[in-house]
Amino acid sequence: MAMSEKEQLRLSWMTQFNKAQQHDSWGQVVEAQEDYQSMASQIAAKQGLPFITSKEKDILHRLALCLGARAQALRTLHENITVTDMKCLQPIFEALFTGAEPDVFPVDASKYQFAASMVKPSTEGEIICADAEDETSTDWHQRQAVLRTVRGTVVCFRIEKIGLKDAQDYIDPFMTVLVADSRANILDSRDTNFACERRATHVMFTQQVYLNVSLEDMERSGAAIFFEFKHYKPKKKKISTRCWCFMELAELKRDEEVVLEIYHKPTDLKKKKLNLHSEKPLYLHLFATFISN
Numbered sequence: 003m004a005m006s007e008k009e010q011l012r013l014s015w016m017t018q019f020n021k022a023q024q025h026d027s028w029g030q031v032v033e034a035q036e037d038y039q040s041m042a043s044q045i046a047a048k049q050g051l052p053f054i055t056s057k058e059k060d061i062l063h064r065l066a067l068c069l070g071a072r073a074q075a076l077r078t079l080h081e082n083i084t085v086t087d088m089k090c091l092q093p094i095f096e097a098l099f100t101g102a103e104p105d106v107f108p109v110d111a112s113k114y115q116f117a118a119s120m121v122k123p124s125t126e127g128e129i130i131c132a133d134a135e136d137e138t139s140t141d142w143h144q145r146q147a148v149l150r151t152v153r154g155t156v157v158c159f160r161i162e163k164i165g166l167k168d169a170q171d172y173i174d175p176f177m178t179v180l181v182a183d184s185r186a187n188i189l190d191s192r193d194t195n196f197a198c199e200r201r202a203t204h205v206m207f208t209q210q211v212y213l214n215v216s217l218e219d220m221e222r223s224g225a226a227i228f229f230e231f232k233h234y235k236p237k238k239k240k241i242s243t244r245c246w247c248f249m250e251l252a253e254l255k256r257d258e259e260v261v262l263e264i265y266h267k268p269t270d271l272k273k274k275k276l277n278l279h280s281e282k283p284l285y286l287h288l289f290a291t292f293i294s295n
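In my numbering, the protein residues as written are 3 to 295.
Keep in mind that the hints were calculated from the coordinates and are not lab data. Check before you lean on any hint, since a few could be wrong.
Once the Cα atoms are required to be at most 20 Å apart in a straight line, the calculated PhoX-like pairs of lysine-lysine come out as [what the hints assert, rightly or not]:
1) 267 - 238
2) 267 - 240
3) 167 - 232
4) 267 - 282
Here are the computed distance ranges between Cβ atoms for each label pair [what the hints assert, rightly or not]:
5) 108 - 272: 43 to 53 Å
6) 222 - 20: 45 to 55 Å
7) 79 - 191: 38 to 48 Å
Cβ atoms here follow ideal geometry from the backbone N, Cα and C, with glycine treated the same way.
Assemble the whole structure, with the sequences as input and the hints as a guide.
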């Protein structure tokens, strides 16, 4: 299913890019600008899809920036990136999602890095959560924010679901992702939005979280990564941690699913008091991707 959708995207984008290239080569400035801007928005919106790998994310990110930069060049007539540069992208679109993508991107980063603020992800046909209406909550904007502050390998977790026998009972459930060093000092803390669905034995998230500390810095500090499941208690009018998980960096693998055991509260950043939350075979499921910066 995922491969089929990837192929559909590749073919659609190849057609759109060829059309934009024709307009650009023929000097049809307005049409080319609109084509490039539209493609940049589409690609920016798709880079966070669950089946996109780390390398594919990186390529889509660069493609969106190039398209946005060329649209801006046509708008302002300042050609930081030229029609010749854009022609170099043709083989990238042809190889996209095939596993044969080149390791070296053909356009120099100095020609498109400035364009991040010019790309606005398309939301056409997408369902926007009530608590995620602010454009800064999109995957594209979260990625741009972390790339501005982190030097080194950025780690992104897609939190899929957590298994709980009373999964349907929780009000406004969300996850907090913590990075703590070997002395239990917190290096980073990130919250997800509220869960998108509650099933019989699983709370579903399918949300991405970008860590604001690089993989290299985590390794140097002997860090571990913690995941707290939280929910709202109306009687006490407070947010409570129900259970938690953790993973060592040795368990962190690029483009692989991670399945973690769930422990009873309170969270122990020193990882010494580990009491399983349930005897049932229920776990936290997540998926990690890396971004080189």
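Do the hints match the structure? See the list:
Of the supplied pair hints, the one linking residue 267 and residue 238 holds, its CA atoms being roughly 17 Å apart against a limit of 20 Å. Only pairs whose Cα atoms come within 20 Å are accepted, and residue 267 paired with residue 240 is accepted, the gap being roughly 16 Å. Distance check on the hinted pair: residue 167 and residue 232 sit about 15 Å apart at the alpha-carbon level, within 20 Å; holds. Only pairs whose Cα atoms come within 20 Å are accepted, and residue 267 paired with residue 282 is accepted, the gap being roughly 17 Å.
Separation of residue 108 from residue 272 is about 48 Å and conforms to the stated range, judged on CB atoms against 43 to 53 Å. A hinted range of 45 to 55 Å holds for the C-beta pair residue 222 and residue 20, which are about 47 Å apart. A hinted range of 38 to 48 Å for the beta carbons of residue 79 and residue 191 is consistent with their spacing of about 45 Å.
Checked against the numbered hints above, the structure violates none of them.
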